[in-house]
Amino acid sequence: TSPPRQRRTHISSTIIKALKVWSLAAKLERNCKIEAENMTREAATMRHMDDLILYPDPGAEAASFITIEQEELQALCTPCFVDKCPELPMFVRRILPSFESKDSDTKKRDANDARLPSEAAREAK
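The sequence shown maps to residues 1 to 125 in the UniProt record's numbering.
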C-alpha cells in the first residue's frame, strides 16, 4: 500500500477528527462552497495582475478542500447517490470517471472469477 498522504493544511488532529465524521453529502457541499470561493479569489488575482492601480490587492491564497476518502469516491459511482447529491465539486467530477471505469473493470473481473470452470474451459477452446 502507499504511504499515508502528507497533509498540507488541516493539520490539527482535532480538525481532522471533526472533518472525518462529516457525512459525504456535507463534505461535498462544503467543497462546492470552497471551490466557488477559490474561483472568486482567482478572479481577484487576475484582475489585480491586469490592472494594479484599479485592483491594488491580489486575491487571497486558495483554500484547501476537505478530503474525500477513496471509499466515499466509490460510493459516488452509484446512481442513487448522485441523484441525492447532484452538485459535485469540479475536482470530483474530473476523477469520478476513473473510479467508474475501475468499478466496471472490477465487476467484470469478479464475474469472470465467479464462472464455473467448465464455462471458462469452453471459452478457451
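It cannot be assumed that every hint is accurate.
[Claimed, not checked] Just the calculated beta-carbon pair ranges, DEER-fashion:
| # | residue 1 | residue 2 | range |
| --- | --- | --- | --- |
| 1 | Glu-69 | Glu-37 | 30 to 36 Å |
| 2 | Asp-83 | Glu-61 | 31 to 37 Å |
| 3 | Pro-97 | Arg-47 | 41 to 47 Å |
| 4 | Ser-101 | Leu-52 | 42 to 48 Å |
[To be verified] Cross-link-like lysine to any residue pairs, in silico, SDA-like; alpha carbons within 25 Å at most:
| # | residue 1 | residue 2 |
| --- | --- | --- |
| 5 | Lys-20 | Gln-70 |
| 6 | Lys-17 | Leu-76 |
| 7 | Lys-33 | Ile-95 |
| 8 | Lys-17 | His-48 |
| 9 | Lys-33 | Ile-53 |
| 10 | Lys-33 | Thr-78 |
| 11 | Lys-27 | Glu-37 |
Keep in mind the hints are simulated off the structure, nothing from the lab.
The beta carbon of each residue, even a glycine, is placed where N, CA and C say it ideally should be.
These are the hints, each one checked on the structure:
1. Glu-69 <-> Glu-37: 30 to 36 Å: violated, 23 Å
2. Asp-83 <-> Glu-61: 31 to 37 Å: With Cβ atoms ~35 Å apart, the hint holds.
3. Pro-97 <-> Arg-47: 41 to 47 Å: violated, 33 Å
4. Ser-101 <-> Leu-52: 42 to 48 Å: For Leu-52 against Ser-101, whose Cβ atoms are near 46 Å apart, the range 42 to 48 Å holds.
5. Lys-20 <-> Gln-70: Roughly 13 Å between the alpha carbons, so the hint for Lys-20 and Gln-70 holds.
6. Lys-17 <-> Leu-76: With Cα atoms ~22 Å apart, Lys-17 and Leu-76 stay inside 25 Å; holds.
7. Lys-33 <-> Ile-95: holds, 19 Å
8. Lys-17 <-> His-48: Given that 25 Å is the threshold and the Cα spacing comes to 37 Å, the pair is violated.
9. Lys-33 <-> Ile-53: violated, 30 Å
10. Lys-33 <-> Thr-78: Holds, because 23 Å separates the two Cα atoms, which is no more than 25 Å.
11. Lys-27 <-> Glu-37: Within the cut-off at roughly 15 Å; holds.
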